[in-house]
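Peer 1: Each chain, written out:
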Amino acid sequence: MLDTSIDLSTPAGWLPLVFSLVMALAMLAYVILDGYDLGVGALLLKTDQNSERDAMIASIGPFWDANETWLVLGVGVLLVAFPLAHGIILGALYLPVALMLAGLTLRGVAFDFRVKAKAHHRPLWDSAFRFGSAAASWSQGYMLGQLISGFRSEAIGIAFSALIGVCLMGAYRLLGATWLIMKCEGELQLKAVKWAKASLLMTALGVLAISVASPLVSARIFDKWFSFPYLLLLFPIPLATVVLFGVIWRSLTRLPTRLASGNQYGAGVPFVSTVGIFLLAFYGLAYSLFPWLVVDRMTIWQGTSSIEALWVIFIGTVIVLPVIVGYTIYAYRVFWGKSTALSY
Amino acid sequence: MIELDPILLARVQFASNITFHILFPTLSIGLGWVLLFFKLRFRRTGEALWMDAYQFWVKVFALTFALGVVSGITMSFQFGTNWPGFMNTVGNVAGPLLAYEVLTAFFLEATMLGIMLFGRGKVSERVHTLATFLVAAGTTASAFWILALNSWMHTPAGFVMIDGKAHVTDWLAVIFNPSFPYRMSHMLLASGLTVSFLVAGLSAYRWLRGDRAGSVAAALRTGLFTAAALIPVQILVGDLHGLNTLQYQPAKLAAMEGIWETQKGVDAVLFAIPDAKAQTNHYEIAIPKLASFYLTHDWNGEVKGLKEFGDKAPPVAPVFFAFRIMVGVGLLMLAVSWFATWRIRRVAQMYSAPVWLYQALVGMTFSGWLALIAGWYVTEVGRQPWLVSGVLTTAQAASSVPAPHIALSLAMYLSLYCLLLAAYVSVLFYLARKAASGEGEDSNAKVTSKIGVAHA
Chain H
434 MLDTSIDLST PAGWLPLVFS LVMALAMLAY VILDGYDLGV GALLLKTDQN SERDAMIASI
494 GPFWDANETW LVLGVGVLLV AFPLAHGIIL GALYLPVALM LAGLTLRGVA FDFRVKAKAH
554 HRPLWDSAFR FGSAAASWSQ GYMLGQLISG FRSEAIGIAF SALIGVCLMG AYRLLGATWL
614 IMKCEGELQL KAVKWAKASL LMTALGVLAI SVASPLVSAR IFDKWFSFPY LLLLFPIPLA
674 TVVLFGVIWR SLTRLPTRLA SGNQYGAGVP FVSTVGIFLL AFYGLAYSLF PWLVVDRMTI
734 WQGTSSIEAL WVIFIGTVIV LPVIVGYTIY AYRVFWGKST ALSY
Chain E
8 MIELDPILLA RVQFASNITF HILFPTLSIG LGWVLLFFKL RFRRTGEALW MDAYQFWVKV
68 FALTFALGVV SGITMSFQFG TNWPGFMNTV GNVAGPLLAY EVLTAFFLEA TMLGIMLFGR
128 GKVSERVHTL ATFLVAAGTT ASAFWILALN SWMHTPAGFV MIDGKAHVTD WLAVIFNPSF
188 PYRMSHMLLA SGLTVSFLVA GLSAYRWLRG DRAGSVAAAL RTGLFTAAAL IPVQILVGDL
248 HGLNTLQYQP AKLAAMEGIW ETQKGVDAVL FAIPDAKAQT NHYEIAIPKL ASFYLTHDWN
308 GEVKGLKEFG DKAPPVAPVF FAFRIMVGVG LLMLAVSWFA TWRIRRVAQM YSAPVWLYQA
368 LVGMTFSGWL ALIAGWYVTE VGRQPWLVSG VLTTAQAASS VPAPHIALSL AMYLSLYCLL
428 LAAYVSVLFY LARKAASGEG EDSNAKVTSK IGVAHA
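First to last, the protein sequences are chains H and E. Our numbering puts the first sequence at residues 434 to 777. Our numbering puts the second sequence at residues 8 to 463.
Among the clues, some could well be false.
Claimed, not checked - Reference excerpt, derived from the structure (chain H facing chain E, CB under 8 Å, subset only):
#, residue
1, 494
2, 501
3, 549
4, 656
To be verified - Quick partial rundown of chain E residues pointing at chain H, CB under 8 Å, derived from the structure:
#, residue
5, 66
6, 95
7, 105
8, 421
Calculated directly from the structure, the hints in this document are not laboratory data. The beta carbon of each residue, even a glycine, is placed where N, CA and C say it ideally should be.
Generate the whole structure from the sequences, applying the supplied hints.
Peer 2: This is the structure in C-alpha cells:
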C-alpha cells in the first residue's frame with residue numbers, strides 16, 4: 434500500500450513518517466486529555482449546586498492548561514512539518530476552527546473568571562464554560578467528520594460531520610463523567626455514574642458511524658479493511674471495542690451499590706475503559722487514513738516541508754519530548770487520587 | 008454591497024488577535040518573576056506579608072495566564088490560515104523556531120502552573136518555589152523564541168534563498184539576528200514596566216480604599232521602585248534599538264521621525280500631521296538639527312527620507328503617531344515613578360503622601376499596555392509592505408480564504424475580545440476591592456478537605 438518510490442532508509446522517507454507519528458500522538462493525547470476536561474465542562478450545568486460545580490472544576494483545575502498545549506503541539510507539527518496540508522485542511526475548516534477557538538477561549542477564561550468575578554456574575558461564567566466546552570467539542574467532531582469524508586461540501590458530508598460533532602460531544606461527556614467518577618466522591622460521584630450511562634449511546638453511535646462511513650467514502654480504505662488476510666488480523670479491533678463498551682456498562686450498573694457502601698473499588702474502570710475505546714478508535718482511524726493527510730489527495734510525503742527543517746525539529750523533539758512526558762507524569766502524580774478543593 | 012478586501016481583512020483579523028494576545032504574555036512574563044520575588048522574600052524573611060502579596064497576585068497571574076493561553080492557541084492556527092505564503096517561503100526558519108517554543112516553553116509553563124497554583128501543601132515548599140521559577144523561566148523562554156522569529160522577520164540573516172524558499176545556513180545567525188538583542192531587551196523591559204505599573208496601580212487602588220495591609224505597601228513599593236529603576240534603562244535601550252532600526256530598516260525610521268526628504272542636519276519633529284499624498288508634514292513643530300544629532304551623533308549627519316524608498320515605504324501616519332504615543336507614555340512613566348519614589352521612599356511617608364499621588368498611580372495602572380501596543384504598531388506597521396524584510400511582502404503571503412469567512416470570524420473574535428478585556432480589567436479591580444474589604448483573604452485560601460463528602 435505504500436508508494437514504492439518512498440525509501441524509508443533516507444531521511445526524506447522516514448522523517449515525514451516520524452512527524453506524522455508525533456502529530457498523531459499529540460492529537461491523541463489532546464483528544465483524551467482535553468476530552469475529559471471538555472466533557473466535565475459540558476456537564477457543569479447538570480448540577481445546580483455550587484459546591485458540586487466547584488468540585489467538578491477542581492478535578493480538572495491543575496491540568497486543563499497543559500492539556501490544551503497538546504493541541505498547540507499537534508497543530509504546530511502540522512504547520513511546520515506539513516505546511517501544504519495545513520493550508521488545505523485548516524483553510525477548508527476555517528469556520529469550524531474559528532468556532533472551536535472561540536469556544537476554547539470562552540471556557541478557558543470562564544474557568545478563572547467564575548471564581549474571581551462578582552458572585553452574581555457566576556452563573557453567567559458557568560454558562561460560558563459549559564457552552565464554550567460544548568462548542569469546542571462539537572466543532573472538533575465536525576472537523577473529524579470533514580477529515581474522514583475528505584472535506585466534501587455536499588449536504589451529505591456536512592450532515593455526517595454535524596452528526597460526528599454531536600457524537601464527539603457525547604464521547605467527551607463520557608470521558609468527563611468517568612473522570613469525575615474516578616476523581617470525586619459522594620453524591621456527585623453517583624450523579625456522574627448516571628451522566629456516564631447517558632453518554633454511552635452517543636459514543637457508540639459515533640464509533641459505529643465512523644466505522645461504517647470511512648470504508649464507504651474511499652474504496653482504498655474499504656480494501657484495507659475488507660480483504661484477506663487483513664480482515665482476520667483487524668477483527669480484534671472492533672471486537673475489543675464492543676467488549677470495552679460491555680465492561681463500561683457492567684461497571685456503571687454495579688458502581689452505585691458499591692459506592693453507596695463506601696467501597697471505591699473499581700471507580701477507575703469506566704474511565705480507563707473509555708480511554709481504551711478512544712485508543713482503539715484512534716488506531717482504526719489512523720489505519721484507515723495512513724498515509725494520507727488529506728484522504729486520497731495528499732500523502733504525508735507529498736505534504737511535507739523541507740527535510741532540513743524537519744531535521745532541526747527532530748533533534749529538539751528527541752531531546753525534549755521525553756522530558757515533557759516525564760514532568761507531565763510527575764504533575765499527574767502530584768495530583769493523584771481524589772481531587773481536593775482549589776486552594777490558591 | 009461593499010467589496011471586502013480579503014488581504015485587508017486578514018491583516019485586521021491577525022492584528023486584532025495578536026494585539027489582544029500580546030497584552031497577557033507581557034504581563035505574565037514580568038508577573039512570574041515578581042511572584043518568584045515575593046516567594047523568595049517570604050522564604051528568607053518569614054514575614055507573612057510577602058506571602059499575602061503572593062496570594063493576591065497569583066490570582067491575577069492565573070487569570071492573565073489563562074487569557075494568554077487561549078488567545079495564543081488562536082495564533083497557532085492563524086499563522087497558517089491567514090498567511091500560508093509565510094510558511095511556504097520561510098518555513099525552514101519559522102517552523103523550527105515555533106516548534107522549539109512549543110517544546111521548550113509551552114509545556115513547561117503550562118504544567119508547572121498547575122503545581123504552582125494548586126500544588127502548595129502537596130509538594131514541598133522547595134519544589135513549589137522551583138515550580139514558580141520554572142513558570143517564570145518558561146514564559147521568558149517563550150518570549151525568546153517568538154522574538155527571535157519576529158526579529159528575524161525584521162532583520163533576516165543566516166539564510167540563502169533557493170527557488171523562492173529560505174534555507175538556513177547558520178542557525179546562530181538566524182536566532183541572534185541584528186535586531187534580536189535590542190528587541191529582546193526592549194520587550195523584557197517593557198514587560199517589567201507594564202507589570203510594575205500594574206502592581207503599583209492596583210496596590211494604590213487598595214491603599215485609597217483604606218487597605219493598610221503590610222502586603223499592600225510592600226507590593227506598591229516593589230512595583231514603584233522597579234518601575235523607577237527600569238524606565239531609564241528602557242529609554243536607553245529604546246534609543247539603541249532606534250539606532251539599530253536606522254541601520255537596518257531606514258524606511259521605518261524615516262516614518263517614525265516623519266522625515267520625507269533625504270537631507271543633512273535633520274530637524275527632530277515633535278509634532279506634525281504627516282500627509283502621505285502630498286509627501287509632506289502639516290503643522291510641524293520641530294527642533295532644528297536635533298534628529299541628525301541623536302541619530303547619527305553628528306549635527307550635520309545625513310538621514311534618508313521616505314521619498315527614497317518609493318512604494319517600499321510603510322504607511323507614515325500610524326507609525327509616526329504610535330511612536331509619539333509610546334515615547335510620551337514612557338516619559339510620563341519616568342516622571343510619575345521618579346516623583347512617587349522620591350515622595351514615598353520610606354514606608355512612613357506613605358501615610359502622609361497626598362491622595363492625588365495614589366490617584367496618579369491608579370491612573371497609570373495600564374499605561375504599560377498603551378506604550379506596548381503603540382510600540383508594536385511602530386515596529387510591525389513600520390515593516391510594511393514587507394512581512395519578512397526584503398524577502399516576502401504581506402500581500403504575497405496572504406491566503407485564499409473567502410472574505411466573508413474572514414469577516415464573520417473577525418466579527419466573532421472582536422466581540423469576544425472586547426467582552427473579555429472589559430471583564431479582565433473589571434475583575435482585577437473587583438479582586439482589589441474584595442481584598443481591601445478583607446473578604447478575599449479567607450474565602451479563596453480555603454481548606455484542602457476532601458470534597459464531595461462534606462454534604463453527604
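Peer 1: Could you work out which of the previously given hints the structure breaks and list their numbers from low to high?
Peer 2: Per hint list: 4 and 8 violated.
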